[in-house]
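Peer 1: Chains as they are written, first to last, in the working numbering: chain A, 16 to 358; chain B, 16 to 358; chain C, 16 to 358; chain D, 16 to 358.
All clues stand as given, with none of them false.
Okay, the calculated beta carbon distance ranges per label pair:
| hint | chain 1 | residue 1 | chain 2 | residue 2 | range |
| --- | --- | --- | --- | --- | --- |
| 1 | D | D182 | B | K315 | 31 to 39 Å |
| 2 | A | R344 | C | R179 | 48 to 56 Å |
| 3 | C | K130 | A | M314 | 26 to 34 Å |
| 4 | C | P29 | D | T204 | 39 to 47 Å |
| 5 | B | T144 | D | R179 | 32 to 40 Å |
In case anyone wonders, no lab produced these hints; they're calculated from the structure.
From the three backbone atoms N, C-alpha and C, an ideal C-beta is built for every residue, glycine too.
4 protein chains.
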Amino acid sequence: MIRLESDYTQGAVPEIIARLTETNMEMTPGYGEDEYCFSAAERIKKECDMPTADVHFLVGGTQTNLLFISSVLRPHQGVMCAHTGHINAHETGAVEATGHKVLALGSKDGTLTAKQVKETLDAHYADTTHEHIVQPAMVYVSFPTENGTLYSKAQLTELSELCRERDIPLYLDGARLGYGLMSEKNDLTMADIARLCDAFYIGGTKVGALFGEALVITNDKYKKDFRYIEKQKGAMLAKGRLLGLQFDTLFTDGLYYKISTHAVCLAKKIRDAFEKKNIPLYFDSPTNQQFPCLTDEQMKKLSEDFAFSYWCKAGDRHAVRFCTSWATRSEDVERLIEEIRSL
Amino acid sequence: MIRLESDYTQGAVPEIIARLTETNMEMTPGYGEDEYCFSAAERIKKECDMPTADVHFLVGGTQTNLLFISSVLRPHQGVMCAHTGHINAHETGAVEATGHKVLALGSKDGTLTAKQVKETLDAHYADTTHEHIVQPAMVYVSFPTENGTLYSKAQLTELSELCRERDIPLYLDGARLGYGLMSEKNDLTMADIARLCDAFYIGGTKVGALFGEALVITNDKYKKDFRYIEKQKGAMLAKGRLLGLQFDTLFTDGLYYKISTHAVCLAKKIRDAFEKKNIPLYFDSPTNQQFPCLTDEQMKKLSEDFAFSYWCKAGDRHAVRFCTSWATRSEDVERLIEEIRSL
Amino acid sequence: MIRLESDYTQGAVPEIIARLTETNMEMTPGYGEDEYCFSAAERIKKECDMPTADVHFLVGGTQTNLLFISSVLRPHQGVMCAHTGHINAHETGAVEATGHKVLALGSKDGTLTAKQVKETLDAHYADTTHEHIVQPAMVYVSFPTENGTLYSKAQLTELSELCRERDIPLYLDGARLGYGLMSEKNDLTMADIARLCDAFYIGGTKVGALFGEALVITNDKYKKDFRYIEKQKGAMLAKGRLLGLQFDTLFTDGLYYKISTHAVCLAKKIRDAFEKKNIPLYFDSPTNQQFPCLTDEQMKKLSEDFAFSYWCKAGDRHAVRFCTSWATRSEDVERLIEEIRSL
Amino acid sequence: MIRLESDYTQGAVPEIIARLTETNMEMTPGYGEDEYCFSAAERIKKECDMPTADVHFLVGGTQTNLLFISSVLRPHQGVMCAHTGHINAHETGAVEATGHKVLALGSKDGTLTAKQVKETLDAHYADTTHEHIVQPAMVYVSFPTENGTLYSKAQLTELSELCRERDIPLYLDGARLGYGLMSEKNDLTMADIARLCDAFYIGGTKVGALFGEALVITNDKYKKDFRYIEKQKGAMLAKGRLLGLQFDTLFTDGLYYKISTHAVCLAKKIRDAFEKKNIPLYFDSPTNQQFPCLTDEQMKKLSEDFAFSYWCKAGDRHAVRFCTSWATRSEDVERLIEEIRSL
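Full structure from sequences and hints, please.
Peer 2: In structure tokens form, the structure reads like this:
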């Protein structure tokens with residue numbers, strides 16, 4: 016079975032495994048206060064062109080989201096996101112469990128627009144009973160989105176300007192950041208994101224690491240005491256160096272970008288194969304996730320050798336998801352393409 | 016610098032590193048639903064002599080504690096523990112952050128007695144205003160305790176009987192479980208603990224793993240829907256197999272016990288060296304943590320080559336902590352013993 | 016200015032004021048353990064034809080909702096309601112602040128159907144990743160709804176049967192219960208509601224009392240320790256007798272029903288006046304709230320002497336709300352009707 | 016039975032009952048935005064000599080405490096208080112239910128000293144693992160304390176200076192404020208308290224009102240968006256005017272002080288009677304609560320006609336509590352004194 020149902024079916028890039036092995040018996044202080052974490056943070060700050068940023072290494076995405084959001088919001092505040100946003104749809108109410116409502120705004124492709132956010136804010140404050148309603152006080156976006164789509168530099172700039180004007184933080188979930196940055200449709204750099212957002216995270220779990228996400232807090236206002244929050248939510252890894260070492264490796268010699276490019280190229284090939292076959296795509300994704308709409312028969316056929324995810328009904332077809340990753344083998348994609356051709 | 020300040024300064028047993036390397040490019044389903052997790056759970060259930068137990072693999076101890084406790088308690092309920100209990104003293108209010116008061120009871124050596132728990136329960140229900148007071152509704156013990164001490168089989172049995180009589184769960188934090196089980200003073204087996212407690216966890220982070228704890232829920236009443244709680248608190252590892260594989264390794268051929276014995280024996284040597292030197296021990300610990308009370312001068316001298324933890328003032332001396340672990344080298348302990356002799 | 020913008024602009028029925036005055040210097044135990052509370056609870060249980068029900072007197076509606084919901088749900092569970100439900104729209108995230116997601120389902124008139132609930136439950140458990148999604152675990156309905164509409168006995172029975180089949184509680188918010196029960200379109204009695212729901216509350220604040228809601232818990236499963244929850248959320252009134260005395264008065268000689276009938280009759284007159292004038296009604300409400308769609312000019316004219324609430328845009332008109340209550344004077348309604356006629 | 020077990024066994028001062036009756040059918044806007052609330056707030060700000068203070072009217076003390084504390088603290092922060100503090104001992108974990116640990120410091124008489132707070136803060140920040148410990152970030156004091164004792168102006172000033180130096184809020188629970196202010200041992204005015212604290216509340220429930228507490232926020236930093244928090248916690252009274260009207264009455268012509276003096280004088284008489292009889296007092300209280308230590312026999316005898324509260328064992332005696340209030344009748348106290356004499 017070739018597993019393309021998600022981008023976390025395999026371990027880590029060999030460079031990480033090698034360094035884990037190599038450094039295994041070294042003695043270091045715990046809780047992220049070791050040389051590997053310091054070095055990785057330096058590399059990331061450089062990548063962000065922002066020497067003042069704070070970098071925290073965490074284990075997973077849901078954890079990172081709930082930590083940052085609950086660290087920043089006051090009890091009566093909520094976070095706006097697309098209704099498809101991971102925090103709204105797939106984190107078992109992790110944000111609500113910290114006391115905050117997720118304010119889901121409708122979205123066709125998974126992105127939010129500055130206009131939507133502005134209207135939500137304006138409507139809130141125009142309502143004479145606004146104290147009876149959760150205050151919209153943060154914007155959460157994902158890049159790429161859960162649907163594989165991207166924000167352009169213009170779109171993210173517009174959101175950022177609005178958020179700064181209204182003094183609310185803009186937070187970007189980069190679980191698949193590499194696959195967004197390396198898309199041929201993308202015009203944003205990591206430094207752009209660091210500059211435009213108040214905080215964001217660089218996904219490792221889905222992009223080359225065994226596990227791990229690097230939270231980058233760029234706005235001084237949201238930096239204070241974050242390590243207490245980490246510990247309180249059970250998110251401070253005892254052997255923090257495991258995270259530092261992984262990100263240090265990923266941000267050495269552009270490895271993070273190289274492995275991301277690999278995944279995006281393979282995804283493009285899969286996409287092309289479906290298009291050639293006139294199989295419609297549910298979302299117009301230029302990244303590592305592809306969402307073809309298959310007939311019952313096509314679905315059955317492809318399931319024989321490939322694992323993929325069911326997404327939703329799409330008329331009389333079924334939208335499904337194929338993911339590539341840093342680890343996907345070209346030959347497996349070739350086999351899939353042949354399979355698609357022969358449908 | 017020889018680091019003996021904690022038992023998580025190094026990586027994992029070589030067997031784990033080898034299997035991680037070996038299995039790195041395998042494709043498995045995510046979130047703990049893979050063969051490694053299934054196999055590890057089977058081994059643990061066998062170790063516990065309890066085929067019906069539920070086993071969940073989590074990343075860290077604070078996380079495991081907050082998950083289980085918040086999964087079980089209703090909003091008005093609190094958890095009793097020794098005032099030195101990790102949940103009371105060193106988890107940044109993780110339990111309170113889920114809404115529950117930690118009810119700290121005084122303890123000299125880090126253990127709770129059935130008598131204390133009984134008196135707390137009786138006093139609560141005798142108070143005519145008990146509805147104005149947090150309801151004591153769970154017992155948390157650690158084995159070994161934060162002070163390195165142990166419960167005897169008789170003591171744990173007494174606690175267990177009381178808890179069952181009053182219908183409140185008994186939960187055991189086994190962050191250093193191996194070091195407790197392999198102590199020469201110990202008369203409990205893992206199966207005893209499984210039988211006497213409603214849930215407990217087997218520590219991996221401090222006992223041979225890179226990271227990871229195995230939560231064992233033995234009482235059916237507390238099993239339902241635990242995986243939802245895991246996801247909600249950001250504790251469900253995407254590549255769950257990393258945990259499964261580690262515990263599978265630790266519970267193959269008694270590795271967990273072997274490496275624990277190693278640490279406990281070295282700790283005993285350190286203890287003997289301090290005793291021979293007439294340096295008092297702050298706690299009477301038969302496990303891998305030792306707490307000598309050093310003079311200023313002794314502390315200064317030992318700090319030159321060894322890292323250890325400051326514990327507290329002890330009269331005109333200072334109680335400090337030396338930890339051994341599965342990874343501690345005999346030669347390093349020999350050097351320390353020489354150093355102690357020459358004080 | 017004649018205030019018809021809400022049903023809580025005035026004090027209490029004179030009978031309550033008289034008894035408050037009369038009993039003012041009596042000495043009673045606190046926290047709801049007095050004769051007035053006991054007597055009121057007895058009257059309500061009789062009204063519900065359910066001697067085993069638990070009755071708790073609370074101060075307000077948001078408070079009652081958040082208490083009952085958080086008392087019953089486990090951390091990963093959410094409560095389904097119409098998107099217009101008070102807990103979703105007008106309680107500043109009170110339910111989320113206790114850690115639970117409100118699962119808002121679309122609704123045209125403010126009611127939920129058994130079909131919707133069934134589909135939500137079925138979709139949840141059919142999803143292979145359901146542990147990543149908040150578990151739908153309670154149904155919240157309001158009677159009358161926030162739009163003035165009602166559930167028929169058949170509809171509520173269907174919801175109740177579904178909930179029992181799936182073992183999830185059905186909770187009814189009766190902030191305006193009297194105005195629902197006394198509507199000429201209603202076919203439910205309080206005893207029906209008690210029998211069909213697992214808990215509900217009888218609104219006092221909007222129906223004759225200075226303040227106060229009577230929560231009736233009918234299912235044994237949800238009764239335990241509720242008074243602890245009351246105290247914890249700051250909802251246990253020190254001089255609880257103030258609540259007991261008010262409900263005791265309201266449920267003496269059918270006063271609650273009489274005053275409710277008064278309000279509903281006046282609302283019917285207002286409704287008829289708008290209909291005669293061919294002014295469309297935004298919701299088809301047979302209770303004390305009426306929602307005419309006014310032109311700019313009509314709105315301006317009526318604002319001169321009457322206070323009413325703005326609801327929403329309705330095409331090129333504006334939906335607004337007029338409320339009657341137990342306290343509304345017939346002559347004020349007559350004046351309003353004349354005003355409407357002359358529009 | 017003459018009830019002296021608490022200071023909330025009776026209704027309200029007759030002036031309040033009269034105004035409630037008088038204004039009953041007036042129509043006002045809801046949620047505290049009416050003329051009575053505005054007027055009461057003005058009177059209180061004048062009393063505090065602080066025109067910029069924010070005044071919020073709430074229903075009860077536990078509610079007021081949990082609202083202010085949770086409004087101000089970030090998730091990893093806790094509130095220091097005497098171990099006897101109401102928030103620690105008698106609010107069913109209300110503060111913990113909002114996610115924050117109560118950091119209880121030992122106290123003999125119910126007061127905290129600046130020295131204790133300073134040591135707690137210093138110890139916290141001196142600990143190299145302080146991120147693993149709840150951050151002490153607020154000081155809660157009660158005036159009078161739960162034991163009837165008082166802070167002097169010098170003591171409160173010292174606490175205030177320390178808190179300002181360390182930038183943490185000082186919050187004062189004034190459930191019995193009047194009884195403290197009118198004690199002959201007191202040297203603080205309400206304006207002093209307003210000046211020295213960042214927020215405090217003026218108790219109404221125990222001092223002349225049917226119910227109600229007036230929260231005064233004096234530090235601009237803690238004022239923002241408080242009404243959202245009120246609504247979210249179910250604490251915003253629909254007919255807010257009921258609170259405004261009560262406080263408006265209490266702060267007209269010094270009524271609050273007059274009725275407080277009455278209670279304190281009667282308590283003094285009770286105290287003198289016990290002292291004359293050589294019955295020891297458990298706490299040295301100059302306010303409306305008195306804590307004699309009775310023998311079994313004395314307790315039995317006094318219970319025949321008087322209700323009082325059991326406090327705790329005191330050697331072979333029993334500490335009990337007698338409370339006077341604004342409503343206590345002189346003749347009842349005379350009868351009690353005779354009873355004491357004849358013991």
